[in-house]
Structures are given as structure tokens and as C-alpha cells.
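Chain by chain, the residues run as shown.
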Amino acid sequence: MNQALGLVAATFEKPTTKDFIFGCWGPSVRIGGISFCMNFIFFMLLLVVAAFLLSFFVAFRKPKIVPGKFQALMELGLEFVKEQIVVQMIGPAGLPFFVLLSTFFFFIFYSNILEVIPGVNFSPSSRIAFPLVLAVISWVTYNTVGIRKHGFGGYLKMVCFPPGAPLALYVILTPIEFISTIVIRPITLSVRLFANLLAGHFLLSVFFLGTVFFIQSGFPLALVSIASFPLAVVLVGFEIFVAALQAFIFTILSASYIAGAMATEH
Amino acid sequence: MTALVHLFAPILAALTDAGFQTIGKGLVYGLAAIGPGIGIGVLMGKSVEAMARQPEYAGQVRSIMFIGIGLIEALALFGLMLSFII
Chain A
-3 MNQALGLVAA TFEKPTTKDF IFGCWGPSVR IGGISFCMNF IFFMLLLVVA
47 AFLLSFFVAF RKPKIVPGKF QALMELGLEF VKEQIVVQMI GPAGLPFFVL
97 LSTFFFFIFY SNILEVIPGV NFSPSSRIAF PLVLAVISWV TYNTVGIRKH
147 GFGGYLKMVC FPPGAPLALY VILTPIEFIS TIVIRPITLS VRLFANLLAG
197 HFLLSVFFLG TVFFIQSGFP LALVSIASFP LAVVLVGFEI FVAALQAFIF
247 TILSASYIAG AMATEH
Chain B
9 MTALVHLFAP ILAALTDAGF QTIGKGLVYG LAAIGPGIGI GVLMGKSVEA
59 MARQPEYAGQ VRSIMFIGIG LIEALALFGL MLSFII
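Taken in order, these protein sequences are the chains called A and B. Residues -3 to 262, numbered by the numbering used here, are exactly what the first sequence covers, in order. Residues 9 to 94, numbered by the numbering used here, are exactly what the second sequence covers, in order.
Rather than coming from a laboratory, the hints here were simulated on the basis of the structure. One thing to keep in mind: the hints can contain errors.
27 Å max Cα-Cα, derived DSSO-like pairs, lysine-lysine [what the hints assert, rightly or not]:
1) A:LYS14 <-> A:LYS78
2) A:LYS58 <-> A:LYS78
3) A:LYS10 <-> B:LYS33
4) A:LYS60 <-> A:LYS78
5) A:LYS65 <-> A:LYS78
6) B:LYS54 <-> A:LYS14
Please read these numbers as outputs of a predicted model, since none were measured by experiment.
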């Protein structure tokens, strides 16, 4: 048994964070100390944009009163964002943000679902840069909404001094509220999406590579693959669920931040 | 007691800096998952209770529940990130 375990440690190459770094395809351009180049991740981002545009173009190019199958599917998704997220969280006043929030939802969902598409198996969301940009867009939006609604001073006062607390408590409450609203929110938004997808990629690669390793390593260990392979397939289903859930959570949190910035003082 | 020392002596002798680092990585994620685990458990339990009591508010409860899950889950994921960094 010990020998078998030694064999596992010796030959099973576990996935590390180095697997998430891809080389350049072609020349790189240096602008201000950062080099920009075309690589696998950027290619996949273009793929996501193309899929996004194509799906909306195909579904709503000639919208019918009685929708076809694909149009009905896309309408279901948009209807879900409108009813469950925009109207639920912000109310009728949030309808101007419907376009932004549904773009968030579909864009993140398409990018997440690439993780389980055979042949790609990697999501651009599992690199921090992509979720960070989306989180910054959300941050700029809710702060702009708050400043436009209450004025700069009014918004800052609303953020830092939540009404209804005892006077002495504001000594602690004000820094916490300020940091959590202005600094922590975009970080948690991006890290949540990024870490979920990173963990999902690790999970799938450990289970599938592990199954391959067990089958290759001969009789006694090959029996483990009977258990590990179905589990790996089930985990693919779980990752599809996570992809949709993370898109939903990112969108609903953005909506709730916008709603919080729009709220009138009680 | 001495039996325990004898049992662990070869394991302790075999530990290297890299080994300690691996143990640390495991501990970071494990400890970071305890609190959020309890939190999500309480949150889900209470939400299901609320939905069962007031089915007409199920939609509202569900969306607020997902916000809570999102906020709590971030803590566990920070632990996961930290376990890659250290």
C-alpha cells in the first residue's frame, strides 16, 4: 500500500496555478511597462463577445410575436433578469439599468460556461483581470448613480453615516461603512467570481486527470476510477450550476448596490 | 504518551519546510471554510423556514438569500486564494 501511495506522489502531476498562465501568440506591444499580446485567454474573450453578439443577433434579428425556440430561450433569460433581479431589487426605477445588468448576466454566463465546453475547458473568468474590469464597471455605475442622485457630499454622508445608530457608535461605524462600500465591494465582487471559477477548474482537472492516472496505473488503483469517473461527470453538472449561479450573484449584487445608492434617506 | 511520541517521531522527522507549507495551505483553507459553512447553513435553513411559512414571499426571500450567500461565500474564497498565495 505504501508503495502504491509512493507511486501516486511520484507520478501524479497535480494542477497548480501555473496552469493558468498562457504564452503569447505572436508579437507583444509594450505600453507603459505592461506588455499586451494576443494569447489563449484574449482569444477566448473574443469568442465570448462573438457568442454574445451572435446569440442576441440570431434571437432578436426578426422578433416574432409567437417566438421560435431560440428566441423563447433568450426571452426567458431576459425576462428572468428583468423580473427576478431588476424589478425585485431596484423596483420600476431600475429599468434604465436593465440593459447593463442583463449584459452582465449573459456575458458572465457565456464566459463561465466555457469552462465545461469540451475542447476549451477554460474560462476567462478564472483570471482575475476579467472579473476585475466587470467589478470596476459595476463600482463606477453605483457610485455615479449615488452621486447624481444625492450630490457628492450627500452620497458620502449617506455612505458613511447610516441613520438610526447611537451617536457613539459612529466612531466605529463610519470607517467600516466607508471601507466596505468604496474599497471592499469591488474586491469581493471580482474575487468571488474569479475564485469560484478557479476552484471549479481545479476540481474538474483533479478529478479527470486523477481518473486518467488511476486507469493508467494498473490493476489495484484502476478500481478507484470506477468511483472517480462518475463523480467527475457529476461535477461537470455542478460546474454548469455554478456558472449560472455566479452570473446571477454578480448581477443581483450589482443591482442591490445600485438600489442602495439610489435609496432615499428615511 | 511515549507511544504517541514514538508514533509521530518518524512523521515529525520527515517534515521539511515544504511539508509545513503544505500543511499550512491545508489549514488555511480548512479554517477559512468553517465560519462560512456555518453561516451558509444557518442562512439556508432560515430561508427555507421563511419560504415554508410565507410561500407568497418565496421569490423575495430567495433573492435576498442569494445576496447573503454571495457575501458569506466571499470569505471562504478569500481563504482559498490565501492558500494559493502562501
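We went through each hint and held it up to the structure:
About 39 Å separates the Cα atoms of LYS14 (chain A) and LYS78 (chain A), which puts this hinted pair outside 27 Å; it is violated. Taken as a hint, the LYS58 (chain A) and LYS78 (chain A) pair is honoured in the structure, with Cα atoms around 21 Å apart against an allowance of 27 Å. For a cut-off of 27 Å, the pair hint linking LYS10 (chain A) to LYS33 (chain B) stands: about 15 Å separates their Cα positions. For a cut-off of 27 Å, the pair hint linking LYS60 (chain A) to LYS78 (chain A) stands: about 20 Å separates their Cα positions.
Taken as a hint, the LYS65 (chain A) and LYS78 (chain A) pair is honoured in the structure, with Cα atoms around 20 Å apart against an allowance of 27 Å. For the proposed pair LYS54 (chain B) and LYS14 (chain A), the alpha carbon gap of about 41 Å is over 27 Å, so the pair is violated.
Comparing the model with each numbered hint stated earlier shows that hints 1 and 6 do not hold.
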